[in-house]
Amino acid sequence: MNASPQFFAPLARLLHWLMALLVIAMLFIGAGLAASVSQRHAWLIDLHKPLGIAILALVVVRLVVRFSTQQPPLPSDLPLWQVLAAKASHLMLYGLMLVLPLLGWAMISAAGDPVMLSSSVRLPALVGADAPLFAILRKAHGYLAYLLFLTVLVHLAAALFHGLIRRDGVLQSMTGTRH
Amino acid sequence: MVDHSPPPRPALSTASLLARLTAIGIVVAGVAAAFAYVNGSLDPQRLRPKTLVNALETNNGVHPGFRRNHAKGVCVAGYFESSPEARAYSRAQVFNEAKTPVVGRFALPSGNPYAPDSSVPIRSFAVQFSQANGQQWRTGMNSMPVFPVGTPEAFYQLLKAGAPDPATGKPNPASMPAFFAVHPEAAPFLAWVKTAKPSASYATETYNGINAFYLVSADGERHAVRWTVVPQSQDATGAAPADGADFLEKDLVQRLAAGPLRWQLNMTLANPGDPLDDASKPWTGDHKVLNAGALVLDSSQPQADGDCRDINFDPLILPSGIEASHDPLLAARSAAYASSYLRRASEVSPLHSAPQESKP
Chain W
-1 MNASPQFFAP LARLLHWLMA LLVIAMLFIG AGLAASVSQR HAWLIDLHKP
49 LGIAILALVV VRLVVRFSTQ QPPLPSDLPL WQVLAAKASH LMLYGLMLVL
99 PLLGWAMISA AGDPVMLSSS VRLPALVGAD APLFAILRKA HGYLAYLLFL
149 TVLVHLAAAL FHGLIRRDGV LQSMTGTRH
Chain Y
17 MVDHSPPPRP ALSTASLLAR LTAIGIVVAG VAAAFAYVNG SLDPQRLRPK
67 TLVNALETNN GVHPGFRRNH AKGVCVAGYF ESSPEARAYS RAQVFNEAKT
117 PVVGRFALPS GNPYAPDSSV PIRSFAVQFS QANGQQWRTG MNSMPVFPVG
167 TPEAFYQLLK AGAPDPATGK PNPASMPAFF AVHPEAAPFL AWVKTAKPSA
217 SYATETYNGI NAFYLVSADG ERHAVRWTVV PQSQDATGAA PADGADFLEK
267 DLVQRLAAGP LRWQLNMTLA NPGDPLDDAS KPWTGDHKVL NAGALVLDSS
317 QPQADGDCRD INFDPLILPS GIEASHDPLL AARSAAYASS YLRRASEVSP
367 LHSAPQESKP
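The listed protein sequences correspond, in order, to chains W and Y. For the first sequence, my numbering assigns the number -1 to the initial residue and increments by one for each residue that follows. For the second sequence, my numbering assigns the number 17 to the initial residue and increments by one for each residue that follows.
One chain only, chain Y, in its complex shape (with noise of 0.2 angstroms):
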């Protein structure tokens, strides 16, 4: 085999070498430069998931295995019955078949695994739809009807506003009303948060998706929906919550040793009008109500190894048939939530070893 002899090259002088090699530089430098910049590193100042995801851990400590924030919770599993009424709406395959599998998380909003069950008015509710077809619906709702402030961005000022003062190791007291002084989008949550109270059981509340999808039919028309799922198995209102810092747990394992728990899924269509990228607005007024079916738990896990232990609750996981809203907020918890399952799953075996109760 021979070699293709090189061409005749009449040598380089020093200048023009010296400038071709600091041409290659600057390509190089410059390709790399901005790469540097996309992945902002050149940019410090960006909102990144492990800036928010940070941020949490500021305030509620490191507690590994535990995901970032809602760290407090308990597994449940069920499946969910479609009614007639979403089918027009959606071609999603769990409006559509009779029953579909579900595992679902229960918790407090809180990062700090050891939060009293009292300390706060709000709890959440994730929910897994698997479809027969390997798609899958996955939300994460709240006891509240609207989120405190409408982007990542204010989200992110609302944490600051929480981080402990490095000299006391509490919250600034001033720094909380300081930030609802300059957002008043916050204003229909705490008109809200002022009437809520802790509630004794996971079972008495309805919680709510907050952020607007949409709902594809099979000939491709969309409608703006909230989701709502309503508790059917409604104890006397205003009940008080129970003593100790761990009465949800055990109230829902009690409540499923009786029988299963139903909720109904109600989407909420938007009028026109409605925000459907500002998830600190209410929808007011009348609205059309699908009742899409019937949520029903019969067992429950502790998370420690329950099945709910490693889903990642990211609410851009969805199936063909409901689709994601311009709401900012979307992007964010899927690109945080991102980030916390990856610093939580490496960290996987020290749940077993956390106690099992609430630290004082």
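Isolated chain W (complex conformation) (with noise of 0.2 angstroms):
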């Protein structure tokens, strides 16, 4: 058996942080065109949605990565919650990360509107037009996008908290630096 490692694999951190950037954004320019009837509005769209089919395609390379490579333990002192939320929270960012490009996608099908990535590239419908499902899938696709973002606060408060208050190496298993 191998002994544990101390940072994630640089291919996991390299997904981490290049994700965490276009999460970030995504989350940024859907909230931005959803509260704008300016250009801006068009713009963010055209941009939201190949962004958003960039990150399905990154988040499937990622749980492979993670099911493939070894995981940095948690600290063995840290309190059992603690070690729980943490489960639970990175957890609930794989799932949001899979469902919300998903999501979006189906509701662009439910609308009975062409899913176009730009003026000519179209993906092929997810589902077939139906109204009253586009309005579930919207209304998902908004309150699951303010749950991963507030789960991004979680996380963002807890990786300084432990690499500020803890100061237990677990900030450093992902930025890769030595303390």
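Simulated from the structure, these hints should not be mistaken for laboratory data. Predicted model only: the values in this text are computed from it and were never measured. For every residue, glycine included, the Cβ atom is placed at its ideal position computed from N, Cα and C.
Counterexamples of contact, computed for chain W against chain Y with all Cβ distances above 12 angstroms:
hint, residue
1, LEU9
2, HIS14
3, MET17
4, ARG64
5, LEU89
6, VAL97
What the simulated footprint calls covered on chain Y by chain W, stretch by stretch (three residues with Cβ under 8 angstroms from a Cβ of chain W suffice, anywhere in the stretch; the number is not a length):
hint, region
7, 320 to 331
8, 343 to 350
Two chains, each in its own frame: build the complex with the hints.
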């Protein structure tokens, strides 16, 4: 049995930080376009769709990397509730990163709109045109995006708590820096 | 499996602990505040899609299941037959295939689904062209040649001028003249309204896309255009509105029973200097006009369960070969229609229980 690693695998760290950037950008783009009638609305939506599909593809790669590499263990002195909170929030982050792009794709399909990633690249419809289903999917897309944003905030606060207060190497396991 | 033992950590002084906790709080609160700004919570003055749709609901009342604007209408279907003239200008499949199926909708502009047909001189025609490659072109056209205003902000002020006064339940008669007094850009629209009469038929109207778009050719060349559909089944002009409040749909059904209705789709190419980002301004003088083809309608359905019911005629749903201009009304229409669509998509069933005839 190998000794437990101190850091996440380099590819896992790269995917984490790349997706951190994309997901946070995506949350702001989504919130911004939904609250605007200016031309921002149009160009943000043109950005939102291909970026969402990129995140969907990356999260699939990331799950493969997660299950095929060893994770550094949490510190042995971490209270049980924090261990559980960490595991639950990670599950939530993965779940929402996977579900939100699919909801976006499905809701455009349910509206009967072509799913266009650019002026000429079109994805097939994920579900048939169905207006009441669109309404459910669209609302779920919005509410779950807010849930993802809150989870990201908690994740950020916890990472800084590990780095600045506990100083237990958890933050460094993802930054890759030595303490 | 051995947990890596935590490195030795000197305890933080109370001051240092507080400082670090504060720093974490500031970072998290900063991100949350930035998000709250972007989503409009910290920017209540911003014109948002729901601001426009709420204003429509204030003016017209809430009619569940109906569009928040252009609420009274009828579904139609047919096809578009392209002609060769637009092919050199646009690579869109709709102009290059012989035939493209269409679903459309004729409507009155009001957000009140029970408005009498003679209440306004404006009629609208929305069309969805479904290309064989899965791309679509949706356009919402109106019988007026220009829009009253050029920006979403001015449109919102126009809606507010038409809002009912809480004291009387009717719009303040002074509000609309006051609005137009400070919006001289509405002059071309007002000049048109003066001469316009409520037509007796949807079939005899010309419908204008109003906003400018670009046709994009196969080699990427862009030409700015405004489009118009011109009826080929022209009646004697100046026909007076028929009796009753709901004559338009009946007239349409009767005409379609007698045979298909045809319009010619014209693409007016912009001259240098024509405004491309202001739908309140007409394009004056001589223009080159392309005959892009014939729009043929051969059937209709009531809107309560017709094929057009669940279509959001978002003017930014465009195929490759047609691009939006920088007209700010296009983005605003797209954003506000999405908000209206979400509201009514949650309320589809009430349409069936809605009265079919106009209320007084």
